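My request is simple: use the sequences and hints to build the entire structure.
Residue numbers (the working numbering), protein chains in the order written: chain A, 1 to 254; chain B, 1 to 270.
Wrong hints could be hidden among the right ones.
Claimed, not checked - Residues of chain B clear of chain A, computed beta-carbon distances all greater than 12 Å:
id, residue
1, L43
2, E145
3, L217
4, L255
5, E258
What the hints assert, rightly or not - Partner residues are not named here, just some residues of chain B that face chain A (Cβ under 10 Å, in silico):
id, residue
6, I124
7, R150
8, D151
9, D153
10, M155
11, L156
12, G157
13, I158
14, L159
15, S160
16, P172
17, E200
18, I201
19, L202
Calculated from the structure, these hints are not laboratory results.
On a predicted model such as this, the values are computed, not experimentally measured, just so you know.
Glycine is no exception: its CB is placed at the ideal position from the N, C-alpha and C atoms.
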Amino acid sequence: MVGGIKPAFELKSAGFTLPIIRLLDVDLDAVAAQLAAKVEQAPDFFRNTPVVIDLGGLPETERDVEFPMLVGLLRGHGMLPFGVRGGTEQHHRAAQAMELAVLGESRVPRDKAQGRGAPPPAPRRPAPRTEPEPDHEPLAAAPPPSGSFTLINRPIRSGQRIHALGGDLSIVGAVSSGAELMAEGNIHVYGPLRGRAMAGMNGNVEARIFCQDLQAELVSIAGHYRVSENIPAALRGVAVQIFLDGQALRIEPL
Amino acid sequence: MARIIVITSGKGGVGKTTTAAAFSMGLALRGHKTAVIDFDVGLRNLDLIMGCERRVVYDFVNVINGEANLNQALIRDKRCDQLYVLPASQTRDKDALTKEGVGAVIEELSKTFDFVVCDSPAGIEHGAMMAMYYADDAIVVTNPEVSSVRDSDRMLGILSSKSQRAETNAEPIREFLLLTRYSPERVAHGEMLSVEDVQEILSMDLLGVVPESQAVLNASNAGTPVVLDKISPAGQAYGDMVARYLGEDVPHRFLAVEKKGFFSRLLKRG
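As structure tokens, this is what we get:
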């Protein structure tokens, strides 16, 4: 370096896959009620999750969005709102007053983005299904799963949580109801899966869940989830794979 | 060095204290010097089940606070001189149990005893954490019903992550399943989980199955550990369980519905 000064930082750019809360109503009481119900289903999806508020779906109205309340509401559920997109100039000024960033409509087509060179880092958080109309197209491609994986040779008990960073998670043993598995890549369970399994935690839509005996409370790929009640009886107790087909979560016997 | 055994469950009312009393008496009857500690500070019961409630002077919390020494607080059982009871305090709360204090008491007991049995309170709060923290072995008492099984499962998770052995990466706590209040008749009618069901969910070694029995309640009321009742199935099951814990190969009994003979039916009617 010139003058022998060691660089203290580098400026780089990266794309992230982030969940978007698409507001369809300015009535925050209604939003609050529905959000609380949503969060209750899967509280861990939302904990410390950065979110973008999309104002593009709001009906034309004289009423303002009460950003201070909205931000408080999201933070209260553990989310980290940091920006808005869409909406009017008025919205943007109000958002900036709350120190929210105003993001452009910079959507990158999926296949083009995947053709890029170095994969950008992604947040270690899921892209949750936060609104009836899920909207979390990746702003850039999710990174391919790295080579690392986690292997656990004991049963996972109720109340235990296994979070495999940056790769696949294999469990040789039973996963009890009330236990939670999270992985950025695939999840394999060689034993009954009675707890929750969330694969593709960073928004990797290619991730899959494989298990020998599906009795899960909840399964999720990249934030698309299904609770036990919505798993057909024919698929319970058998060996299955679970994957995303477009926006639909599919469970197929192996 | 003594072996430290915690009797735990998560759920209340499944038979932890009954088991702690029977198990420690069983060990002592086989000649092992055994101490049993009541960790249920504020809701003490072990002294009643052991029948020594009228001899309590000092308690566990007194010892931890240095208000009494161990020899003053330990109560020697009248039926078996190898068995000692360290009662809980009824007037304090569980915060009186400190990790250091409990550790010091267990270490001192370890010097002279073969086994130290810790009777855990229900729940997964401080008292239960203290009871299991220093354990080498855990006997998880479970009733054959779903809520008890789930709580046991939760407790197994805690044992494998929050104990001293887990925190120091030592060899994990040995875990044993004890199924209590088992009723083969109700299992046969599909009203109760079977031994196989519970084992399938918890995937752990089965130490014993204690059948539901009036003898347990009678023993509690009389302050006599049920293992001393050599006639009732429950007493025999506890005897078997102690033998199995000590490494003997004893077949499981009382798992099937008893065939009622002509005479017993006749007698029942009369």
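Status of each hint after checking the structure:
1. L43: The claim stands: L43 (chain B) keeps its Cβ more than 12 Å from every Cβ of chain A (closest is about 24 Å).
2. E145: About 14 Å separates E145 (chain B) from the closest Cβ of chain A, which puts it past 12 Å; holds.
3. L217: Label holds. Min Cβ-Cβ 30 Å, cutoff 12 Å.
4. L255: The claim holds: L255 (chain B) sits with its nearest Cβ about 23 Å from chain A, beyond 12 Å.
5. E258: The claim holds: E258 (chain B) sits with its nearest Cβ about 32 Å from chain A, beyond 12 Å.
6. I124: holds, 8 Å
7. R150: holds, 6 Å
8. D151: Since the shortest Cβ distance to chain A is 8 Å, the answer is holds.
9. D153: holds, 4 Å
10. M155: holds, 8 Å
11. L156: holds, 5 Å
12. G157: holds, 3 Å
13. I158: Holds, about 7 Å.
14. L159: L159 (chain B) check passes; min Cβ-Cβ to chain A is 9 Å, inside 10 Å.
15. S160: holds, 7 Å
16. P172: holds, 9 Å
17. E200: holds, 8 Å
18. I201: I201 (chain B) check passes; min Cβ-Cβ to chain A is 7 Å, inside 10 Å.
19. L202: L202 (chain B) check passes; min Cβ-Cβ to chain A is 8 Å, inside 10 Å.
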